[in-house]
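J.: According to the working numbering, the sequence shown is numbered sequentially starting from 5.
If you're looking for bench data, these hints aren't it; they were derived computationally from the structure.
It is possible that part of the hints are untrue.
What the hints assert, rightly or not - Below, a list of computed lysine-lysine pairs in the DSS-like style, where the Cα atoms sit at most 30 Å apart:
| # | residue 1 | residue 2 |
| --- | --- | --- |
| 1 | Lys29 | Lys84 |
| 2 | Lys84 | Lys13 |
| 3 | Lys45 | Lys129 |
| 4 | Lys55 | Lys29 |
| 5 | Lys129 | Lys39 |
| 6 | Lys84 | Lys39 |
| 7 | Lys13 | Lys45 |
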Amino acid sequence: MLLSEEAAKQLMEQAIPVHRMLDVKVLEIRDGYCKMLFPFKTDVLGDFRFKRWHGGIIATAMDSVGGAAALTTLTSPEDKLATIDIRVDYLRGTVPSDLIAIGYLVRSGNRIISCRMEAWQEDEKRLVAEARAMFSVYRQQETWSAQQKDDSSEG
Numbered sequence: 005m006l007l008s009e010e011a012a013k014q015l016m017e018q019a020i021p022v023h024r025m026l027d028v029k030v031l032e033i034r035d036g037y038c039k040m041l042f043p044f045k046t047d048v049l050g051d052f053r054f055k056r057w058h059g060g061i062i063a064t065a066m067d068s069v070g071g072a073a074a075l076t077t078l079t080s081p082e083d084k085l086a087t088i089d090i091r092v093d094y095l096r097g098t099v100p101s102d103l104i105a106i107g108y109l110v111r112s113g114n115r116i117i118s119c120r121m122e123a124w125q126e127d128e129k130r131l132v133a134e135a136r137a138m139f140s141v142y143r144q145q146e147t148w149s150a151q152q153k154d155d156s157s158e159g
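Generate coordinates for the entire structure from the input sequences, incorporating the hints supplied.
T.: Written out as structure tokens, the structure reads:
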């Protein structure tokens, strides 16, 4: 991982505005894995009658934790990462309590990173959602290496 665990936590919690708005806490981050806490507050409600989390907030949590797991594969501060596609399956209704989400790496290629994510509330065996995501990665170091080869072959 390019960053220390503490630096990665600070980046994910403080540098991303939506994470600050949601008060996201990184519980663990290491190579190919991230676990985050999304605290409950009334702002996350989609169904105010039954106090259920908004599906878009759950999707945001999945994208965030998957992106954090993908982030651990970056090798340069200049690398770029973007979500290409995300599929979220909502498995059961939520309750008015915190959401825990994990993301883990399935495959990290030269251009595409694949991750799986899960979210639960009180019992990690009772998932409220699961997801898969594909991220596009632009690795600065690879571009630099290819440019160096081109430059050396011209001489």
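J.: The structure should be examined with respect to each hint, and the outcome stated for every one.
T.: Right, here's what the structure says about each hint:
For a cut-off of 30 Å, the pair hint linking Lys29 to Lys84 stands: about 23 Å separates their Cα positions. At most 30 Å may separate the alpha-carbon atoms for a hinted pair to count; Lys84 and Lys13 meet this at roughly 18 Å. Note on Lys45 and Lys129: the hinted pairing holds, with a Cα-Cα distance of about 23 Å set against a maximum of 30 Å. For the suggested pair Lys55 and Lys29, the alpha carbons sit about 22 Å apart, so the restraint of at most 30 Å is met.
Under the criterion of a C-alpha separation no larger than 30 Å, the hint pairing Lys129 with Lys39 is consistent with the structure, at around 15 Å. Proximity of Lys84 to Lys39 is assessed by CA-CA distance (about 21 Å); at most 30 Å being required, the pair is judged to hold. As the CA atoms of Lys13 and Lys45 are separated by approximately 21 Å, the hinted pair is consistent with the 30 Å bound.
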